[in-house]
Amino acid sequence: MTELNPAGTDAGTLIRLSAAQLAAKLAAREVTSVEVTQAYLDRIAQVDGGDRGINAFLHVNTEEALAVAAEVDAIRAAGGAEAEALHELAGVPIAVKDLIVTVGQPTTAGSKILEGWHSPYDATVVARLRAAKMPILGKTNLDEFAMGSSTEHSAYGPTRNPWDLDRIPGGSGGGSAAAVAAFEAPLALGTDTGGSIRQPGAVTGTVGVKPTYGSVSRYGAIAMASSLDQIGPVTRTVLDSALLHQVIGGHDPRDSTSLPEPLADLVAAARTGNVEGMRIGIIKELHGEGYQAGVENRFNDALALLKEAGAEIVEVSCPNFQYALGAYYLIMPSEASSNLAKFDGVRYGLRVLPEDGPMTIERVMGATRAAGFGDEVKRRIILGTYALSAGYYDAYYGSAQKVRTLVQRDFDAAFTVADVLISPTAPTTAFRLGEKLDDPLAMYLNDVATIPANLAGVPGLSLPGGLADEDGLPVGIQLLAPAREDARLYRVGAVLESLLEAKWGGPLLAQAPELAGSPALDTQEAK
Amino acid sequence: MSTDAILTFEEAMEKYDPVLGFEVHVELNTKTKMFSSAPNVFGDEPNTNVNEVDLGMPGVLPVLNRAAVESSIKIGLALNCKIAEACRFARKNYFYPDTPKNFQTSQYDEPIAYDGYLDVELSDGTVFRVEIERAHMEEDAGKLTHMGGATGRIQGADFSLVDYNRAGVPLVEIVTKPIEGAGSRAPELAKAYVAAVREIVKNLGVSDAKMERGNVRCDANVSLRPHGRERFGIRSETKNVNSLRAVEHAVRYEIQRHAAVLDSGIPVVQETRHWHEDTRTTTSGRPKSDADDYRYFPEPDLVPVVASREWVEELRATLPEPPAARRKRLQADWGYSDLEFRDVVNAGVMDEIEETIAAGASASVARKWWMGEIVGRAKNADVDPGQLGVEPATIVELSKMVEDGKINNKMATEVLDHVLAGEGTPAEIVEKRGLAVVSDDGPLLEAIDAALAAQPDVADKIRGGKVQAIGAIVGAVMKATRGQADTGRVRELIMERLGVNA
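Residue numbers (this note's numbering), protein chains in the order written: chain S, 121 to 647; chain D, -7 to 494.
Source of the hints: derived by calculation from the structure; they are not laboratory data. One thing to keep in mind: the hints can contain errors.
[What the hints assert, rightly or not] Label pairs and their in silico Cβ distance ranges: (1) S:D476 x D:K135: 28 to 38 Å; (2) S:P380 x D:V261: 22 to 32 Å; (3) D:E2 x S:K522: 54 to 64 Å; (4) D:K74 x S:P380: 23 to 33 Å.
[Unchecked claim] With a cut-off of at most 25 Å between alpha-carbon atoms, the simulated BS3-like pairs for lysine-lysine come out as follows: (5) D:K424 x D:K398; (6) D:K202 x D:K231; (7) D:K84 x D:K231; (8) S:K498 x D:K84; (9) D:K424 x D:K471; (10) S:K522 x D:K84.
For each residue, glycine too, the CB sits at the ideal point set by N, CA and C.
Can you build the whole structure from these sequences, using the hints too?
Here it is, written out as C-alpha cells:
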C-alpha cells in the first residue's frame, strides 16, 4: 500500500482504520477527531446519496458531530487531567440505528408514523456515547420498527449492500451494517430482536454482537419485542465490538431488566484471545440442510482453523431449535402489538384525520395507524393481536412461552459439553433486493440460526467467515455463549478473526468491490 | 335519560336476597408515581407532573416504585391477606386516550395480596366479616374532561382535554369475594365496608384517603336472587361511587331497581352503571361482558416482584394498631360512653374528632362541635361530614373564643356558617362582622336595669329566692343587646343588682 502521506492520515486511509487504530492515532495526536469525523462525513456525502447510493443514513448529524470532535481535540491539545480522563474511544465517531432515541436529531424507527419526531430524552446508550465524547455521525436506516431481514421495509427506501448494490444489506439493521462496511462509520449501534445485528453483519462482511439480554440498557430503544430486544455493537473488527460493548454496557436503573452486576472486561478478552483446550460445539440443527453450499464450506473452514489452533470441536444437539422460529413469530408479534399501540396520533408523531364521517378519537387513531404503518408492521400487529386474544392465548402465546423454556434448556444442556457454540449466522448470503419482499415466510427463515439466542437471552457474535464460492458474497460465522459469558465470544472471535485474516492476507472488507462515485476509494485503489 | 322503574326497598327485601361485591381503588400517597420518577401530587396544573415515561414516549421503560410495593403489602397485611412470594404485572391492552401507552400496567392473575378478610362493624355494633379476594397493584389512568356537551360526558361533547398528571399514580385495587347474608342491611354494610377500608389505609398512612379527591373510589356490584336460591343473579357494577353516603344510596337504589326488573320478568343486564348524586339514581353505562378482550399478557419490561418473608415480617412489624384496638383506645382516652362513641363512629367523624383533639380541643368540645353542629350541617348538605371542609383549627379557635368570653355559643355557630361560606377564619369573621360579646358592664347594667324595671314582679320573685325565674330577665337583656352579651356575665350582674347570692 502506497501511503499518500507519511503519517497515514489521508482521508482514504483514515476511514479504513479500525476504531482501535483510530483511537490510538487520536491519543498519539497523529490525527485530530475533526479530521477523522470530517473524513467520515465526506465519505457519507460521497457514497450514501443518489439513485445508487448506499442509503445507510436517514439523518446526518454534521454540525453536532464536528462540535463534539472539536471539543475532544481541544481537551487533548490542552493536556492535563481532563485529557488524561478522556475515554479511550473519545473522538472516534459512531452511527446510531434510528430505532434508538437521540436529543437533537430526529428518530423515525424507519416509519412514517414518527416522521419528524424529536425525542425529548436520550437513550441510555446514547448518553453513554456522549459521556465518552464520541461524535455521533447520524441515524441509520432500518426495517420499519426493526421488523424485517432486509431493510426493504423501511419507509425511507432500502439500504444497499456495499458488496453488491442490487442486494440487501440484511435487516433490520442494514443501515448500521452497510455504513460500517462502506467505510461511512467505524462503529455503529444496532438492535437485535431475532438477528437484526448479526444477520446484517453476516451479509455485509462485518462484525455484530447481540449481548446477553439485560447487559446493555434498552432504555430509549423503541421496543419491538421487549423480552427479546437488545442493543449491541456493529463494527469491522472483534476488538472494536468489545471496545464499544464496554462503553454501552452495564447496569442502568432505568431498565428493570438490566443485569445488576458490573460488565466483565470484554476488551481484555478480545485482546487476549485464546481457544486452546476450549470446547466448541457445532449445533447439529443449525447447519447442513437448508444452508447454501458456500455458507457450509466457509463454516467448515472456520472449524478447521479453530481445531488447528487447539480447540476441541464437539457436536451438540438442540432438538427444540426446530420450534424456535415458530415460537418467535408468536412471542415477537404479541409483544410488538402491545408495544406499538402507543403510536396513535394523540400525543406525538403523525396524525391523520379521517377523510369524512365523524371525527372521533377511535377513527383518528385508526386513520393514523392505517396511514402511518407499513404492511409488515401491520402484519405483525394483526398476528400478535390474534395470538393474545381470549381463547387463543394458551394455544399460541402460552405454547410459544413453553417452547422458549425448552430452547433455554437445550442451551443449558449444550453448554454442559461445550464452552461456546458455533454455527453459520444466516443460511444464505445476501439475496437480491425485492427477491423475498412478497414472501414473508422466506424472509423470516433468514433468522433461523439467530433467533434461538434471543429466545434464551444468551449472547451471540457474528464475524466474517469469507466469501461463498458460488456468488463471492460474505458469509457470517456465529458464536454463542452462555448468558453473562459475553467475554467468551470475544476470546474465541478474536482468535478466529486473526486466523482468517492471516489466511486472506488482510480484512475481508479489503476484498469488497469498489463503490461508484467514491473518489476517496478510487484514489486508494489507484495506487 | 330514561327513568328506571324501582320497587320500594322493603318490597325488594321481601322478595329478594342481595349479594354484594366491591372493588375499591386506593390511590397511594407515594412521593413519585408507580413506574416513573414524576411527582405524585394532586391538584397541580394539568400535564405538569409528567415525564417521558408517563407520556408513553417511544423507547421508555417502567421502573417499579418500591415504596408503592411496601404500601401494597401493608394494605394486604391489614386486610389479613396472604402476601405472594413472587408476583408479576401484566398489560391490559385497550385503546383510549387516558392511557398514554394504550395499555394499563396492572397485576392480573398474580396479585400481591390475596385471601384475606375485614371485620366490619355495623351501627348497632354487629360485626360482619367481609372476605377479601385480592388486593393488587396497578397504575391510574389520566383524566379526560369532555368539553362542549351538556352533560360533561363523552356523548355530545365537541372535544376532550386530557391531563396525564394522574397517569401512573399508584393504585391498589381491593376486591371482595361475593358478600352474602347482609339482607336488608346491605346498604349499611356497603357504607361501613368502604368506611372501614378508608380507615385502614388512612391509619396505615399509605393514602390520603380523601374520597372527594378520588383517593378512595368504589365500584359497587349488586345482584339479587330470590330468597332460598343459591345461584347468584346477574350483577350490575356501579362505577366511581365516591362518598360513603353515595355508596349506601347507590346500593340501595340498585337493589330497588334490580327488584323491579326481576319482577317484570326481564333478566337484569350485566353492565356498568353511572351514579348520579343529584338524582340519587344510576343510569346505564356500557355493557360489560366476557367479550371484553384486554389481551392480558405478562409485562415483559418488569421483572417479578419478590416479597421475601423477612421483608414482609419487617413491614408487619411497622403496622399501626388495628382499627378495633384503636377505637377501644380512643374511647377510653376521650371518656365517651359506649353510646356516645358508637354515635361518633356511625356519624363517620372519629378521625375528625381525633384531629380536632390533636389540634388542641378538649374531647367534650370536639364531640360537641362535630356531633352537635357539623354532622347536622353535612346531612343538610348531603355530604359526608369530613367533606364539609371544617378544619380542626377552626373548631379550636371557635371554642377558645367562647371560653375566653369573646363570643357566645350561639354566635360561634353563626361564625362557623360564615367560615363554611368561605368568608375567612373565625377571627377575621368576628372582626369583619363586628361580632363580639358585650363585655363592658356599663351597657349591660343599663339593659338589666331597664329589664328589671319592666318586669318588677319577676324581680321580686328572684329576690324572694325563685332564682329560676331569672331566665326572663336574661332573655330581655340578650334581646336588648342583640345577642352580643355573655349570658353568664348577664346572670352574675342581675344577681348582684338584686343582692342575691348565686
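Going down the list of hints, with the structure as the test:
1. S:D476 x D:K135: 28 to 38 Å: holds (31 Å)
2. S:P380 x D:V261: 22 to 32 Å: violated (52 Å)
3. D:E2 x S:K522: 54 to 64 Å: holds (57 Å)
4. D:K74 x S:P380: 23 to 33 Å: Hint holds: Cβ distance 28 Å, inside 23 to 33 Å.
5. D:K424 x D:K398: holds (14 Å)
6. D:K202 x D:K231: Satisfied, since the Cα-Cα distance of roughly 17 Å is no more than 25 Å.
7. D:K84 x D:K231: Satisfied, since the Cα-Cα distance of roughly 19 Å is no more than 25 Å.
8. S:K498 x D:K84: This hinted pair holds, its Cα atoms lying about 20 Å apart.
9. D:K424 x D:K471: holds (22 Å)
10. S:K522 x D:K84: This hinted pair holds, its Cα atoms lying about 22 Å apart.
Going down the numbered hints, you'll see the structure goes against just number 2.
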